[in-house]
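Asks: Here is how the chains run, residue by residue.
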Amino acid sequence: MNVPITAILDQILASLPLFKPEFCLTAGFICAIATALFAEQRLKNVTFTVTALSLGATIYCLFLQVPISATTGFSGMWLVDKLGTYARILISTATLLIAFFIQQRHTRQQNGDIYSMLLAATLGMHVLCSTSSWLLAFIGIEMVSIASYLLVGYFSQNKAQSEAAMKYALFGSVCAAVMLYGLSLMYGLTGNLDFKSAQHLQGLMTASEPLVTLSILFVCVGIGFKLSFVPLHLWSPDVYQGSPTAITAFLSTVPKVGAIILFTRVYQAWSSTSFYFSELATWIIVVVALASMLIGNLAALRQKDVKRLMAYSSIAHTGFLMMAIFAYQDTFRYLFFYLVAYVLMNLATFIFIDHLEQRTGSTTLRSYMGLGRKLPLLFSAFTIVAVSLIGLPPTIGFIGKLMVFSAVFDSYQDGQDTSVLLLLVVGALTAVISLFFYFRIPLYAFIRKEDDFKHLQSSSAGLLLSVGYGLVFLVLLLGLFPQLLLDLLL
Amino acid sequence: MSVDFILFYAFAVMAIGSALLLVSIRNTARALFLLFIVLFAMAGLYLFALADFVAITQILVYVGGVLILLIFAFMLSNKSLLSDIHTVSHRLTALPNLPSFLLASVFLAILLFALSSWNNNMPEWMAAAEADGSLIQPTENNIRMLGFKFMTQYVLPFEIISIFLMMALIGAAHISRKGERP
Amino acid sequence: MISITHFLIVSAIIFCIGVYAILAKRNAIMILVGIELMINASILNFVAFARYDSVNYGGQVFALFAIVLAAAAVAVGLAIILNVYRHYKTIDPKNINELKD
Amino acid sequence: MNELSPISPSVASLLVVLLPFLACVVQALLGRKSISGNISLIAIVSSALLSFFAVFLPVWGNSPMAERITWFTIGQTSFEVGLLLNNLTVLMQLIVCVVAVPVHIYSRYYMKGDSGIHRYWMYLSLFCFAMLGLSISINLLQLYVFWELVGFASYLMIGFWFTRDAAVQANKKAFLINRIGDLGFLIGIALVYSHVGTLDIVALFDQTGRFVQGLTETGGLQVVQKDNTWVTLAGLAFFLGAMAKSAQFPLHVWLPDAMEGPTSVSSLIHAATMVAAGVFLLCTVFPLFNATSLLVITAIGTITALSGAVFALAQYDIKKILAFSTISQLGFMIVGVGIGAWDTALFHLATHAFFKCLLFLAAGAVIHEMAHFKAQTNLDFDPQDIRNMGGLRRYMPKTYVCMSIAALALAGFPLTSGYLSKDSIVVSAYEWASTAGGFYFVIPVTLIIVSLLTAFYIGRLIFKTFFGSFAMQSSVTAHNRPHEAPAGMWWPMSVLSICCFFPVFGLHPLAYHQTWIIQTFHARPGFTEQETAHLIIPIVLTVGTLLALLLGWFWYVKNRYPISQQNRWIRFANRQGYLNEFNELVFIKGTVGLSRLLYAFDRHVVDGATKLFTWTTQQLARLIHWFDANIVDGIVNWIANGTYYMGHLVRQVQNGQLQNYLGFALTIVILGILYLIIK
Amino acid sequence: MGLLTILIFLPLLATLLILALPISVRNSYKYIALAFTLLQFALSAYMYSNFDDSLGGIHNYEGYQYVEQLPWIRLDLGTIGILEIDYFVGIDGVSLPLLVLSTLVMLMGIGASWNIQKSTKGYYALLMLLNMAVMGIFAALDFFLFYVFYEVMLLPLYFLIGIWGGDRREYAAIKFFIYTLLGSVLMLLVIVGLYFSVINPTTGAHSFNMLLMMDPANYIDGSFFGFISNYHELFGVPSRWIGFAVLFFAFAIKVPIVPLHTWLPDAHVEAPTPVSIILAGILLKIGGYGIIRVCYGIFPDIAANSNYWLALIGVISILYGAFNALAQKDLKRMIAYSSVSHMGFVLLGIASLTAEGLSGAMFQMISHGFLSAALFFLVGVLYDRVHDRYIYHFRGLASIMPKYTAYVALAFFASLGLPGFSAFIGEAFVIIGAFNAESMATGVPRWMAIGGSIGILLSAAYFLWTLQRMFFGKIRVKGGQAWQEALTDLSRREQLILFPALALALILGIMPSLVFSKINASVLQLIDLIQPYL
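Protein chains in written order, with UniProt numbering: chain A, 1 to 490; chain B, 1 to 182; chain C, 1 to 101; chain D, 1 to 679; chain E, 1 to 534.
Worth flagging that the hints you see were computed from the coordinates, not collected in a lab. Note that beta-carbon positions come from the ideal geometry of N, C-alpha and C, so glycine has one too. Take the hints with a grain of salt, since some may be wrong.
As the list claims (entries may be wrong) - Okay, derived cross-link-like pairs now, DSBU-like style, lysine-lysine, Cα gap no bigger than 30 angstroms in a straight line:
(1) A:Lys196 <-> D:Lys112
(2) D:Lys374 <-> E:Lys474
(3) D:Lys611 <-> E:Lys478
(4) C:Lys100 <-> A:Lys304
(5) E:Lys329 <-> D:Lys611
(6) E:Lys121 <-> A:Lys449
(7) E:Lys30 <-> A:Lys374
(8) A:Lys374 <-> B:Lys149
(9) E:Lys474 <-> D:Lys112
(10) A:Lys196 <-> A:Lys82
Unchecked claim - Taking CB as the label site, the calculated pair distances span:
(11) E:Ser54 <-> D:Ser46: 39 to 47 angstroms
(12) D:Trp161 <-> E:Lys403: 50 to 58 angstroms
(13) A:Lys449 <-> D:Gln652: 30 to 38 angstroms
(14) E:Ser54 <-> A:Lys449: 34 to 42 angstroms
Claimed, not checked - Taking beta-carbon pairs under 8 angstroms as the criterion, some of the chain A residues facing chain D (in silico):
(15) Leu170
(16) Leu232
(17) Gly415
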C-alpha cells in the first residue's frame, strides 16, 4: 500500500518482455481453441499449424532471451535465467515434436483441442521452469498435471486409456493435495512463498524438526509425483502403458523437464545451508535417487510390454537425474545435457514403439520377435537408442552419464560421504542391470527366431519415422561431439 | 470462554463430525450432502481466521459449483449405486477399512505430534508480526486488499490461472462429450 | 482471538479424514471428495496463517487459487471418472485394474 | 686344426645338425611320394661323415670352440644360440651319428611296406636333428629346446602306429613323464638364470666352473657359493630332467611302454641316444652339483640300476627285457655321474649306445621274422614273447652271432667294450665308497650284484631265444619257417657288433684307463685310485658274470630238453637232490619270484602311482570342473536370478489397484517421516 | 590423417560400404571385408617395419610413434574445472605387436567366415565394426577414447554371438555382455576419479590423457587418486588401491582370470567359429593389454605392491583353467578353458615385474593369439562337417583326416609349449621371469613360478589326452558311415587360413626377436616406471 500504484504498474509493464515467449504460447492457445472450433472442419491440420507456429515463435522468443541472465519480474514471481531459458527451449522444442507426433499419428479424428491442451501444458511447464514462488510452482504443477490428465484421457478409445487417465488423475490429485498441505505448513513456518528468499530459509532454519520434516516431505510428494520417483512412481507404468503412445512420449519427457528444473531450484535454494532442512533435502534426494535407480531397473527386468518397460526406465532415469541435481553446483550444463539426452532418447524410443505398434498392432516385446530381419534399419536405430539409454558410448547417454558421474564424484571428493559413493556405485551397477532389459528389444528382434509368419501392416507415418532417425543421429552425433550442444549453453 | 470460541468449536465440531460421518457411511448420495455441511462449516472456520473473501468463495465455488457437479456426476453415472442405497442402508456406518484407518491414524498422530511443537515456539515471522502489530485486523477491508494484490503482486498467477481454467473447461467438456458418441 | 493451534488441529483432523477417504472408499467419486477434504484442510491452514501476513496476503491468495485449482481438478476428474464409468460400468477403483504388472 | 677338412668344425657341425632337418623338411613336403628313406639316409650318412672327419677329429682333444649369435634380447640380457664344440659335445654328436646310420639302413628293410613309412623317415630325421642339436647346444635354453624336441620326436615315434591303443597310450605317457622332467629342467634353468643372469654353458661351466666351493674370483663374474640351497635345488631340478629323460626310478615307467614303437626306433631313441641325453645333460652341468645333489643322484642311479635289472629277470617280452636292461644300464651311468666320475659315465654311454642298439636291432630282426612267420602260418601268438621262440639259432645264425656279441658286451665279458666301461664305473664307485667309507659301500656292492643279474637275464634272453627248440616247431614246414634277417638288416648289425669290441675304444683290452675317452676327459673325481680295486673287481665281475651265464645256461637251456630232463631228473634226484631243490628254490623260484614281486610292485605301485596320479588328476579335474560349473558359475547365475527375482518382488506392489498405490506411497512417506523424526 | 587413424577407421569405411550396397550383391560383402582387412594388414605390416625399436613409450610422450593428437571435447564444468578429451592415438612396443596380431587374426576371422550364409550384410558390417573398435583400443592413448572403443567393441560382439551363435547363444551373449559391462561401468567411475585428480600442466584442465595420468607430477595434491600425501580411504583401503583394483577387475574379466572367467566357455562354445577366433585371438588380449597399459602405467605404485596377489591369481588361473580343461568333454569348451590357463601365464608374467616376465607375458599374448585362433578354427572345421564336437564321439580321426590331424597335432603341440613354437618362448620366459622375481625382490615368490610350470605339464596332459582320444586308435565315430563320409579332409581354403597361423607360431618360436626387439624398449621403460616403488 505504501508503494504508489503507478510504480507497481510500471514495474509490471517492465516485466512484460520477460513474458514474451509465454505470450506467444497464450496467443497460440487461444488461436488453437478458435481454429479447433471453427476452422478445423474445413482446413485440416490448421490447428496443428497454428500450434506449430506459436511454438516456433515461442522458441524464437526464448532464443532472444538467452542472453538474459537471472532477472526477475512480476514482483519476483517470474524468474528468467539461463537454466530456465534453456529448459524452456527444450520443452518447447520437444512439445513441437510431440505435436508433430500427434499430428502424424492421430490423423483421422478431429483433434483440434488436443493442441490447445498441449500448449496449456507447455505454458505450465514454462511456469515451472521460471519461478521461485511456491504459488506459481503449484499452479504450474497443477496446470501440467491437469493438462496431462486430459491428454491421457483425450481419446478414451478403449478401457486402458480411460483407466490410465483415471489413475493418473486421482493419484495426481491426491499428491497435489498432500503437497498443498505441505505448502500450507511451510507457509506457516516461513511466512513467505518464495523458496529462494531469505525469509523463507530463515523460517525453515528456526522451525522445529518434525514440522520441517513433515512439510518438506509433503512438498516432495507433489514434485515426486511429477517426476515419478520412488515411491511415487506407481502410477507411471500403468499410465504409460495405457496412454496413446504419442501421449506417453509426451508424459515421459516434457513434464519431467519442468519438474526437474523446479526441483533443482528448490534443492539449490535449500541445500545451501548447514541446517537441518538442508541435511534433510540431501537425505531425501540421495535416498530417492538410490531407490529410483534400483527399483526402476529391477522392476523393468520382468516387463513384457515395451511401454511399461520404458516407464520403469524413465523411473530409473529419474533416479539418475536426482543424482545430477544432487551434484549440481554452479553450472547446469551437465544436468541440462542429461536432460537433453533423456528427451532425445525417449522421444526416439517412443517414435519407434509407435511405429512398431502400427505395424504389428501390439506393444509387447513378443510381437518384435524376429522383426529384425524385416525392419533392420528401424531396429538398428532402436538398438542404438537402447545403448544410449544404458549409457554406453558412443552415444549421448554415455556423455550425460559421464558428466553426472563427474559431478557426483567431485562432491564425493570434497565430502567423503559414503552415501555419495553408494550413489556412484549404484548408478554404475544399475547400468549393468539395465543392459539386461534394454537389450531384450534387440534380443527379440534379432536373436529370437520368429515362430510364425507375421503380417506387418503398412505404415503411413514415414515422416515421423525419419524424425526418429534424425533423433538417433543426434544421439550419436552428440555422443561423439558433445560440444556441439555444450557450446550453445554458454 | 467467549462467544467466538464457542462458535469456533461449534463449526469445528460440525466440520469434523460431518467429515467423519461422510467417510463412514456407505451411501454416496448422503455422503455428498454431508460434504456440503463440511464445506459450509469450513467456510465458517475461515471467517474466524478473518478470511471473509475466502469463505465467500468457498461457498460460491464449492457449494455452488463443485458440489452440484459432484451430485450431477453421481446421478448421471451411478444409477446402479443409487439403487444399492436401499440394500445397504440398514447400516448407517461402514466398518473402517483397517489398514487405511491405521494409516490415517498414524498420519494424524504424526501431524499432531509435529504441531505440538507449535505452541512452544511460534515461527519468528509470526512473532515479529505480532510484535509490530501488523496483523490483519477484523476491521480491515480484506476484499479491497485482495483485489489490489491480485492486480499487482499476483497478476501473473492470476492471468495464468485463467488459461488454466479455460484449458480445464475445454478438456473436461471434450472428455464428457466423448461419451455421447458411442 | 482463537489461537492458531486450534486451526491447525482442526485442519489436521480434516486432512486425515480425507486421507482415510481416499484410501478406504470404494468409489472414485468419494476419492475426489477425500481430495477435496484434504485441500480444504490446507486452505484452512493457509487462511489461519494468513492473519499474520498483512504485507503479501500470501495465504489468502494461495487459498483462493487453491479453491479454483481444486474446482478445476474436480471438474476434470469427474469427466474422466464418467468416462471410466462408460467403459467399465463401475467406478470402484478395485475393479478398474486392467493395467498392472 | 683344419688339416683334415676344408671346412671349419663349426660350420661342419652346423651342417651335421641341419642336414637331418633338411631331410625332415623335404620328406614332409614330399610326403607319400618318397618312401624309400634315401633322403634321410643320405642326410645322416653325410652327417656322420662330416661329424667324424670335420668335427670330431679336429676338435677331439683340442681346445674347445664356441660360436654364438644373438637369438633375442630381453631387457638388458641377450640370449644367444650357438655351437659349443668340446670333447663332450663332439663325442656325443659322433655317437649319435654313428649309431643312427646303421639304424637308418636297418629301417629301410625293417619298415618296408608300412603304410606310414613316409612319416617314419620324417620323424627319424626330426629326431636326429633334435638329438644332434642337443649335443652341441651352447646355451641351456637352446639345450632345453632340443631336449623337448627330442621328446617330441620320441612321442611321434612311439605312437607311430597310432591306430594301436597301446601305442598312443604309451606315447602320451612317455611325453607326460618327460614333461615332468622338462619342468625340472626348466626350473633349473630359471634358478640358474635368476641367480647368475646367464644361461651360456661356457660362461657357467667353463673348465674351472663358476660353481665352486668357497669364494674364489673367476672371470670377473660374481662367484656363487656352491653349498647354497638354491644350488642344491637347481642341481636336483636338472637331475629331475635327466631322471625323466634317462628313465630313472621312479620316472622310468614310460620306457617299457615306449617299446610300442617300431623296434628300430627303440634301438635308436630308447636305447642308444635319447635316453642317454639325461646323462649327457648331467655331464654338461656337472659343475653345478654339490655334494648333496650328487649323493641323491648316486642313490637314484643305484636304485634304478638294481630295479631295472631285477625287473628284467622275469620279463617274457623280448623288448621289455631290453628296455629294463636299458634302464638298469642308465642307472650305472647315473651312478657314474653321481660319484663324480662322469667320464666313466660317458664312456659307458658310448659303449652302451652301440651294444644296446645292436641288441635291439637283433631283437627287431627276430621279431620281424617271428611276425613274418606268424603271418605265414596264420597262427595267433605274440611274436615278441620269448616263450614262443627258442632254437632260432638254427634259422637265424647271423642274428644269433650278433646278438650274442652284444649280450656279452652287456654282460661285461672281457674283451668287449662293455667290460671296460662297466668296470670303470664299478671300480670308480668302489674307490669313491672307500674314500667316503662305511655305508657308502652299499653302492659298489649293489652295482656288482646288478652286473651279475645283468649277465643272468641277458643270458636268459639269449638262451631262451636261440637255444633249445623252437616253440612253434610243429608249425614249421619247408616253406614256412623263420628265416635269416635280410642283408639290409644284417649288415648294420654286424657293423655294430664290431663296435662292441674293445679296440674301438682303446687298445688295451682290460684297462679302461687306457681308452681314449677316459684319457681325454679325465675327470678328476675327489677320490683316490686304488690299485687293488682295479684288479679285484674286474675279476669278481668276470667270474660272476660267467657263473651267472652258466646258471642261465643250466636253467634255461638244459631244462628245456624234454627227454633228457626226465633222465637227468631221476639221476640228479638221488645225488644232488637237495642242492637241486635248493637251487630251484633260491635261484629259480626265489629270484624269479622276487623279480616278479618287484615287477608287480613296479607295475602296481610305481606305475600304479603314475596311474593313481593320473586318476587323481582326472578326479581333481572333474571336481574342479564341477566346482566351476556349479559354484563359480552357479554364484554368477544365482546373482542373476536373484536380481531377476528382486525385480519380481518389486513388481508385487504394482497390482493395478489405485488405492493400493496410494496407500503404498503414503505409507512410505509416513515411514520416511517417522524415521526422520525418531532418528 | 595419419596412418594409425586410417588403420583404425578403414573398417568403419568398410562397414558403411557394406551397409550401402544393396542386398543383391551380397556375395561381394566378404570380398569387401577381405580387401579392407588385407589393406589393414598391409598397413600394420608397414608400421611394423618402420617401427623404431629404440623408443620405449609407456609414459613417455616422445616414445610413442605414429602419434596423432587432436583436441576433441572440451567441457567446462564450472567449479569442477575444464575437462579435456583428445583424439590421441599412438603406438609403442606394447601395442604394436598386438595391433599386427589383431589385423592378422581378423584376416583369419574373415577367412573362417567364408561360408557364413545367414544375413551376411549384418554379419560383415558388425565384424568390421568390431575390427575398428579393436584397433582403436590398442591405439588409443586417451582414456576416454579408450573407453569409447572398449564399449563399442561389446555391441558387435553381442550381436555376433547372439545372432550367429549356437543353441544357447542368447544366454552366452548376454552373459558375456553383462560381465564385461560390469567391469567397464566400474572402470568408468575410476576414470572419472582419475581425470579429477590429474591436471594437464600446460592447459590447467582436467585431462583424460593417459600419459599425463602416468606422471605423478600432474596429480593434484589431496585429490582422490593423488600420488603424494593422499589420505583418501574407502573402508580403510587407500583410494589408489581401490582405483587399481577396480581397473584390474575390469580388465581381469576380459583376460579372464578365475573366478571371473565363466563367461568365456559359454561365449566361446556358443559363438560361431570366426567370432571364437576373434574372441580368443584378440579380445582376451585386451585384458592383458589393459593391465599393462592402464593398471600398471597409471598405478605403478600399487602395481609394485600388489603383484603378489596378481601373480597368485595368475597361478590359480593357470591351474584352475588347466584342470577344468582336463575335465571337459566338449572340444571347444576344452580349448576355451585352456585359454583361461594360458592367459593365466600372461598375468603371472606381468605380475613378476621383471623384464623376462613382462616380455614373456607379451609374447604369450601374441602367441596365444595365433594359436587359439588356429585351435578354434580347427574345432570349427570339425563342427562344420558333422555339427558335433563332443570328444567322446570321435575316435581315430587320424585315419580319416590325416591333414587335419597333422594340423591339430601341430597346433596342440604348439599350444602345450613345445619348443620351436611361440608358446614355448612365452611360457618359458614367464616362468623364468617369475623365478627371477625373487632375485629382483619384486615380491613374487618362487613357488608360484613352480605352480605355473605345473600348468605347462597339465596343458600337455589335456592336449595329449584329447589327441589320443579323438584322433588316434581305430576309427569309431558316433555318426557311423554318414559321418565318415562327411568328415572330409581340410580344404584348400582352410589350409590357407591355418598355415599362416601355425607358420607364424613356428617363425616366432624360432625367431622370437621379431617380437622381443619391438617390445624390449617399452618393457624396460615400464620397469623403470615401476622400479622406484618396489
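Asks: Next step is simple, just say for each hint if it's right about the structure.
Replies: Here's how the hints hold up against the structure:
1. A:Lys196 <-> D:Lys112: violated, 104 angstroms
2. D:Lys374 <-> E:Lys474: holds, 22 angstroms
3. D:Lys611 <-> E:Lys478: With Cα atoms ~28 angstroms apart, D:Lys611 and E:Lys478 stay inside 30 angstroms; holds.
4. C:Lys100 <-> A:Lys304: With a Cα-Cα distance of about 11 angstroms, the restraint between C:Lys100 and A:Lys304 holds, given a limit of 30 angstroms.
5. E:Lys329 <-> D:Lys611: Roughly 20 angstroms separates the two Cα atoms, so the pair holds.
6. E:Lys121 <-> A:Lys449: Distance ~18 angstroms between E:Lys121 and A:Lys449 Cα, so the pair holds.
7. E:Lys30 <-> A:Lys374: Holds, at about 22 angstroms.
8. A:Lys374 <-> B:Lys149: At roughly 64 angstroms apart (the allowed maximum being 30 angstroms), B:Lys149 and A:Lys374 break the hint.
9. E:Lys474 <-> D:Lys112: holds, 22 angstroms
10. A:Lys196 <-> A:Lys82: holds, 17 angstroms
11. E:Ser54 <-> D:Ser46: 39 to 47 angstroms: holds, 43 angstroms
12. D:Trp161 <-> E:Lys403: 50 to 58 angstroms: violated, 19 angstroms
13. A:Lys449 <-> D:Gln652: 30 to 38 angstroms: holds, 32 angstroms
14. E:Ser54 <-> A:Lys449: 34 to 42 angstroms: Since E:Ser54 and A:Lys449 have Cβ atoms about 56 angstroms apart, the given range 34 to 42 angstroms is violated.
15. Leu170: holds, 6 angstroms
16. Leu232: holds, 5 angstroms
17. Gly415: Check failed: Cβ of A:Gly415 comes no nearer than 20 angstroms to chain D, outside 8 angstroms.
When held up to the earlier numbered hints, the structure conflicts with 1, 8, 12, 14, 17 and fits the remainder.
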